[in-house]
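Number of protein chains: 2
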Amino acid sequence: MANVSIKDLGKHAGEEVTLRGWLYNKRHKGKLQFILLRDGSGTAQCVAFRGNVGDELFDRLDRLGQESSLTVTGTVKEDKRSPGGYEIDVTGAEIIQESGEYPITPKEHGVDFLLRHRHLWLRSNKQVAVMRIRDRLVRAIREFLADDGFINVDTPIFTPAACEGTTTLFELKYFDEMAYLTQSGQLYNEATAMAHGKVYCFGPTFRAERSKTRKHLTEFWMVEPEVMFADLDDIMELTERFVTAIVKEVLEHCRGELEVLERDVSKLEGIEPPFPRISYTDAVGMLKKGGHNFEWGGDFGAPDETLIGESFERPVLVHRYPKAVKAFYMEPDPDDERIALCVDMIAPEGYGEIIGGGQRTASLEYLEKQIDAHGLPHEAFEWYKDLRRYGSVYHSGFGLGIERTVAWLCGSKHIRECTAFPRMLYKIYP
Amino acid sequence: MANVSIKDLGKHAGEEVTLRGWLYNKRHKGKLQFILLRDGSGTAQCVAFRGNVGDELFDRLDRLGQESSLTVTGTVKEDKRSPGGYEIDVTGAEIIQESGEYPITPKEHGVDFLLRHRHLWLRSNKQVAVMRIRDRLVRAIREFLADDGFINVDTPIFTPAACEGTTTLFELKYFDEMAYLTQSGQLYNEATAMAHGKVYCFGPTFRAERSKTRKHLTEFWMVEPEVMFADLDDIMELTERFVTAIVKEVLEHCRGELEVLERDVSKLEGIEPPFPRISYTDAVGMLKKGGHNFEWGGDFGAPDETLIGESFERPVLVHRYPKAVKAFYMEPDPDDERIALCVDMIAPEGYGEIIGGGQRTASLEYLEKQIDAHGLPHEAFEWYKDLRRYGSVYHSGFGLGIERTVAWLCGSKHIRECTAFPRMLYKIYP
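Protein sequences, first through last, are from chains A and B.
With numbering that gives the first Met the number 0, the residue at position 208 of the first sequence is 207, and numbering never jumps.
With numbering that gives the first Met the number 0, the residue at position 241 of the second sequence is 240, and numbering never jumps.
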């Protein structure tokens, strides 16, 4: 008997096949048992008739607990009412392991309980859908960048210095020195982009933030493209093309998953260029008009981002923030030196900032001033200054947070469900 | 004037274009100057004739230091002797930044010097070639796995417990607790594979090894596929298909890069299934015959791996090691309980182990014994034991080290050149 994946059942209509998986759910109706079997590739309804499988197996299946592992053999029949459009007319089954009382039942559980059982919770159909959307998002990102001529160059996790201040850094002993875990691969990207023209890094980044919001993880993945000979306008145009393409790919390949999550896909179908573009100064005007107590010069908080994002049906590009609230390496605006040539992309529907980026200064003199102004140690940045000593050119880049983007695509209120094993304040198990 | 990438010159033959990049090298011959310009996408020879560009620009170009940034305008001419097959008949140029004395000159430098200048060394043509091969390898890996039905699920970097002993772990303070940096995503993969059937994680892993060999980094990337309902034979067959496919992709797309590295590609062209398979016990016999002082029961050292690997022209699968030298979660051989159902793949030409994997135990009872035998804390593995309580099935997986595979493909003696910013004992800058 051929072992078949549930996703391939359509190729085997009328044949007898064997499925291998786990009992997701079941119900009993007289001499019939309806077993929902999942195998990771999909879920299939398997119908066992007492007369066909015999009393012993029928009763054993009847007692079988959720998430027991088993193989089911039977004939593939087309059935429009079944998930996937096919069901199995069971002729036999072999139980591999009878599960004990499975902790996660169809009833409602609290989030703390579910997070403690994350290794099992991941099997639930909504969690499976989120991880599949994340997988497709990662593929779409890498395919877009490769097609666009970018080279993937991984940047280091262990770094000798902080990129954006030291208060939120994880520190550790690295043999006889101290080291920090990376918060961004950007500084290193600038070096590799000078070798390859267009590069991206894509890996985990770390922030030791003592905040317990629904938008923060201590460990999250970020993709960071960097382009030589690109200015702020070039990079805004790139973010727009990039986000449009990855949303389209997810919509094309993850309809079923978005349905499981009850996501209103019409909100995503409208994501097309051009994205609205407003200056920070205009955004401050919007906030004041919306009743927020906000003064020019400050950084946006989550409620501010929500107001700005909800004002548009597409992601909005907010550009030209005060340089005081941005990182030290930003190029100043030639028209107003208080302002940095930077851009954040804020997702619609209140999902907040998903992209931060901008133009990096090409000037060694300005960079040195900024290192002083931010109180950063010059020794740690000598190599970075070399990038301005040898063939400096204007260049720009951005970072897109994966979990926040997954949250937006999936319509998840909390990013803790957008990564397999979320790491948060005081939460490191399992 | 259109800005053009050097890789696209062939599409613009006869046209006047502008290139933007860095001076890689130049030579002067009477009234002609031959400028080798690189822009990250490739290198182009630009020929400036004094009569065409004028004395002032000609002399300025003549004084220009290595890695100065500039734009060059000129007509694209086919020329078989030029790198890429085209050269530029220069009509104008604009110098963006004149570099000071560039530290890395065409003369030989010591490795310590080069590593201290890694941010600049990455621009050298051999280093560019290695990073492009790495980029293509990563793409090939992800494409193979996606086509084969695998879902990419990222596993955490912060972990509460060690997977293979604690002596080589990086430890850090995680708020009020201690945490370790991951050495492998495998335990977590087993949980996500029970949700998705076939998964892989692909990220950085960490070993605090106080060794200074040419095969060790403290931070390296690993791809780890995990498959439910797969036994040792299934996973050996998968490693064989996988390695064959990724070598083919690199050969297909990176001919030019392999040539820059003077790699003998005939060694890679022969990589085809079937790969030789020998048991650990047979390998011990080979070592004894080869004059190594080696007793059954020990783990192979680098010279042992070299002897084994060099005995074959293809990667060799060495299976069924003594369980004492392998991780606690390995399934024991039903025919000999001293032996684990595991496999290592050793690359030819002395490049050593590139894959480690095997079948994981499905038995809770055996797992608990092993946790005791290895002196590991039960609390930290309660979640992992749950995977044997709820729907346990046989399953297998493996990990492939990216830098070691890049070293093999590139013919690099030392893996420190196979990652952009290598992290080694006492080496964390730049």
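Incorrect hints may have been included.
To be verified - Among the chain A residues that face chain B by a calculated CB cut under 8 Å, a handful are:
no.	residue
1	90
2	94
3	98
4	101
5	128
6	138
7	178
8	237
9	240
10	269
11	295
12	303
13	382
14	386
15	418
16	420
No lab work stands behind these hints, which were simulated from the structure alone.
For glycine and all other residues, C-beta sits at the position ideal for the given N, C-alpha and C.
Hints and how they fare:
The beta carbon of residue 90(A) is not positioned within 8 Å of any beta carbon in chain B (closest approach about 20 Å), and the interface hint is therefore violated. For residue 94(A), the interface hint is violated, since its Cβ never comes within 8 Å of a Cβ in chain B; the closest pair sits about 10 Å apart. Here the hint on residue 98(A) is kept, as its CB sits about 5 Å from the closest CB of chain B, short of 8 Å. Below 8 Å, beta-carbon pairs count as interface contacts, and residue 101(A) has one with chain B at about 6 Å; its hint therefore holds.
Here the hint on residue 128(A) is broken, as its CB sits about 11 Å from the closest CB of chain B, past 8 Å. Checking residue 138(A) against chain B by beta carbon gives a least distance of about 6 Å; that is within 8 Å, so the hint holds. Among the interface hints, the one on residue 178(A) holds; its C-beta lies about 6 Å from the nearest C-beta in chain B, closer than the 8 Å criterion. Given hint, residue 237(A) at the interface with chain B, is violated; its Cβ is 15 Å from that chain's nearest Cβ, farther than 8 Å.
A hinted interface residue such as residue 240(A) counts as satisfied when its beta carbon comes closer than 8 Å to some beta carbon of chain B; here the least separation is about 17 Å, so the hint is violated. Residue-level restraint check for residue 269(A) is violated (minimum Cβ-Cβ distance to chain B is 28 Å; threshold 8 Å). The restraint placing residue 295(A) at the interface with chain B is violated, with a minimum CB-CB distance near 34 Å, outside the 8 Å limit. A cut of 8 Å between beta carbons decides the hint on residue 303(A): the least distance to chain B is about 28 Å, and the hint is violated.
Contact between residue 382(A) and chain B, as hinted, is supported at the beta carbon level, the nearest pair being about 4 Å apart and thus within 8 Å. For residue 386(A), the interface hint holds, since its Cβ comes within 8 Å of a Cβ in chain B; the closest pair sits about 7 Å apart. Below 8 Å, beta-carbon pairs count as interface contacts, and residue 418(A) has one with chain B at about 7 Å; its hint therefore holds. The restraint placing residue 420(A) at the interface with chain B holds, with a minimum CB-CB distance near 4 Å, inside the 8 Å limit.
When each numbered hint is compared with the structure, violations occur for hints 1, 2, 5, 8, 9, 10, 11 and 12.
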